[in-house]
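Residue numbers (UniProt numbering), protein chains in the order written: chain A, 1 to 188; chain B, 1 to 168.
To be clear, the hints were calculated from the coordinates, so they are not data collected in a lab.
Warning: the hint list may mix true and false statements.
Taking lysine-lysine pairs in the DSSO-like style, the calculated list, with each CA pair at most 27 Å apart, reads [as the list claims (entries may be wrong)]: (1) K10(A) to K184(A); (2) K94(A) to K120(A); (3) K85(A) to K179(A); (4) K9(A) to K181(A); (5) K85(A) to K148(B); (6) K82(A) to K148(B).
Cβ pair distances, simulated, as ranges [stated by the list, open to error]: (7) R160(B) to Q161(A): 37 to 43 Å; (8) D138(A) to A144(B): 31 to 37 Å; (9) K82(A) to R134(B): 38 to 44 Å; (10) H155(B) to K184(A): 41 to 47 Å.
Cβ coordinates follow ideal geometry from the N, Cα and C atoms, glycine included.
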Amino acid sequence: MELGLTTYKKGEFIETDTGNKVSRRSLISGSQNIVLGGKTVVHSRCTIRGDLRRAGPTHQAAVLIGRFCSLGEASVLRPPYKTYKGVFSYYPLKIGDHVDIGENTIVEAASIGSYVKIGKNCIIGRFAIIKECCLIEDNTVIAPNTVVPPFSVVAGGPPAQVVARLPESTQDVFEAQSKDKYAKFVPA
Amino acid sequence: MGRLQLDLHALVCKNAVIEGDVQIGSGTVVHVGASIIAKNGPIIIGSNNIICERAAIINHHSTPLMIGDNNLLETDCLVEGRGIGHGNTIQARGRVAGTSTLGNNCVVGATCTTEPAESVPDNTVLFGNPQSRRLRAGGNTEHAATHKRHLEYIHEMLPRYNHIVETG
Numbered sequence: 001m002e003l004g005l006t007t008y009k010k011g012e013f014i015e016t017d018t019g020n021k022v023s024r025r026s027l028i029s030g031s032q033n034i035v036l037g038g039k040t041v042v043h044s045r046c047t048i049r050g051d052l053r054r055a056g057p058t059h060q061a062a063v064l065i066g067r068f069c070s071l072g073e074a075s076v077l078r079p080p081y082k083t084y085k086g087v088f089s090y091y092p093l094k095i096g097d098h099v100d101i102g103e104n105t106i107v108e109a110a111s112i113g114s115y116v117k118i119g120k121n122c123i124i125g126r127f128a129i130i131k132e133c134c135l136i137e138d139n140t141v142i143a144p145n146t147v148v149p150p151f152s153v154v155a156g157g158p159p160a161q162v163v164a165r166l167p168e169s170t171q172d173v174f175e176a177q178s179k180d181k182y183a184k185f186v187p188a
Numbered sequence: 001m002g003r004l005q006l007d008l009h010a011l012v013c014k015n016a017v018i019e020g021d022v023q024i025g026s027g028t029v030v031h032v033g034a035s036i037i038a039k040n041g042p043i044i045i046g047s048n049n050i051i052c053e054r055a056a057i058i059n060h061h062s063t064p065l066m067i068g069d070n071n072l073l074e075t076d077c078l079v080e081g082r083g084i085g086h087g088n089t090i091q092a093r094g095r096v097a098g099t100s101t102l103g104n105n106c107v108v109g110a111t112c113t114t115e116p117a118e119s120v121p122d123n124t125v126l127f128g129n130p131q132s133r134r135l136r137a138g139g140n141t142e143h144a145a146t147h148k149r150h151l152e153y154i155h156e157m158l159p160r161y162n163h164i165v166e167t168g
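Looking at chain B on its own, in the form it has when it is part of the complex:
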């Protein structure tokens, strides 16, 4: 295991796989069985993200992979790319592939994937099969409120049933 920097208030399960140079910010939750692998460059994760089981964040590039704040990465999603902004949701099996970046408040729907090298603009929603995209209407205040409560719940419940990596 390489250099791992955990904020005092980060919640990382012991059987999550973390390799290489990884920095995890305040309030971020990494569920059991998630993997964060920095192969070349470092991975820098902001605050208040939720990373679910079997989600994979892999940095193949030499530049840092930055993940902003308040993102929700659901089960079995894959983030390669160069980074994602704030308030995004990547649903089950969603992929940020190749060298793509994601803006803010985007949603990558279940099984959807970005193009191998693109910058997805803010408020984009990728959905459906065949895959299509549109702009998000009405902002994401509802999602943000749920995300805040979700974090509060997980910070209370997760340490009761799982082994957590000691911080500080």
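Bound-form chain A, shown alone:
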């Protein structure tokens, strides 16, 4: 699947040394608690809640995102919370490499593996764990605490179900796609 060039106004995105491109119109709180791995694109109106971090004197980041990820327009990344042994706390949200998150998707997962594609308008419930090489189709609602096994195609919901399996080539395909998408995201 060949994509054409996607262009943006030069002033709209801030590019970091490691190649992250962050839209000026994104809404980022607690930026000191957010780690972007490099060559990750944060589109406009994307909300990342780095301020909701672990309680107590920790230096743990609240949101960790790998390389070659794309966070779609108006998506929301919000760390999950729970009470554990009587103590309320938010827990880190970890996202691997080559993860594509679609427009309007809400992510409250505990972890998302590498080579994962999430469609538009999805809701990923609190403390869900998505393993490597998964495809989450548009409008999927994954229930809280769900574990999605590797190479699954998930759709429907609430609650979402595994509807198909992905082939072994998925890793290479998704990696090529995310690199291609980053390379073709250029200033006008």
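Once you have looked at the hints, place chain B on chain A.
Just chain B, lined up with the frame of chain A:
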């Protein structure tokens, strides 16, 4: 911006959108990017509610839209209706549509919506696809305890990282 009345202990982020006649009670938290828009009648929000980012509370009617105490409105939910009671949870993309009202201790599940004009009785849970409903079993003491701790945590952490509207 119209008339905004904030209680001394309310925590409202500066980049939340608040328009029209809005009254926010003690201990209520409004996260970044939430919108509370009183188009005609006023919006009256009680105490100790949590309103997450991109949640929208819109009053199209001329009568006041009342929101009780200890409610949790999650990301991207929409409250139009005529009001909601106490201790409710509206999960991500849940909707209280049209002229509906919500009782007490209800849960509107993710992507679920009420009928356009109904009064949802106390302890109702809306869930699933196709959407169904049942009564909540065993009360909500657990939820209430978590909500209390959640508020304590947010009141401590939110002002450290965000710009808060000055009260009083």
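Sort out whether K179(A) lies within 27 Å of K85(A), counting only the CA atoms.
violated (43 Å)
Taking the CB of K82(A) and the CB of R134(B), does the distance hold inside 38 to 44 Å?
violated (24 Å)
Taking 27 Å as the top limit, are the C-alpha atoms of K9(A) and K181(A) close enough?
With a Cα-Cα distance of about 17 Å, the restraint between K9(A) and K181(A) holds, given a limit of 27 Å.
Hey, K82(A) versus K148(B), does the alpha-carbon distance stay inside 27 Å?
holds (12 Å)
Outcome of range test on Cβ distance (R160(B), Q161(A); 37 to 43 Å):
holds (40 Å)
Can the suggested window of 41 to 47 Å be confirmed for the beta-carbon pair H155(B) and K184(A)?
holds (45 Å)
Taking 31 to 37 Å as the stated bounds, is the beta-carbon spacing between D138(A) and A144(B) within them?
holds (36 Å)
Hint check: K85(A) vs K148(B), CA-CA at most 27 Å. Holds or violated?
holds (15 Å)
Hint consistency between K94(A) and K120(A) [alpha-carbon to alpha-carbon, up to 27 Å]
Distance ~20 Å between K94(A) and K120(A) Cα, so the pair holds.
Is it true that the CA of K10(A) sits at most 27 Å from the CA of K184(A)?
Cα-Cα ~14 Å, so holds.
Hint check: violations occur at hints 3 and 9; the rest are consistent with the structure.
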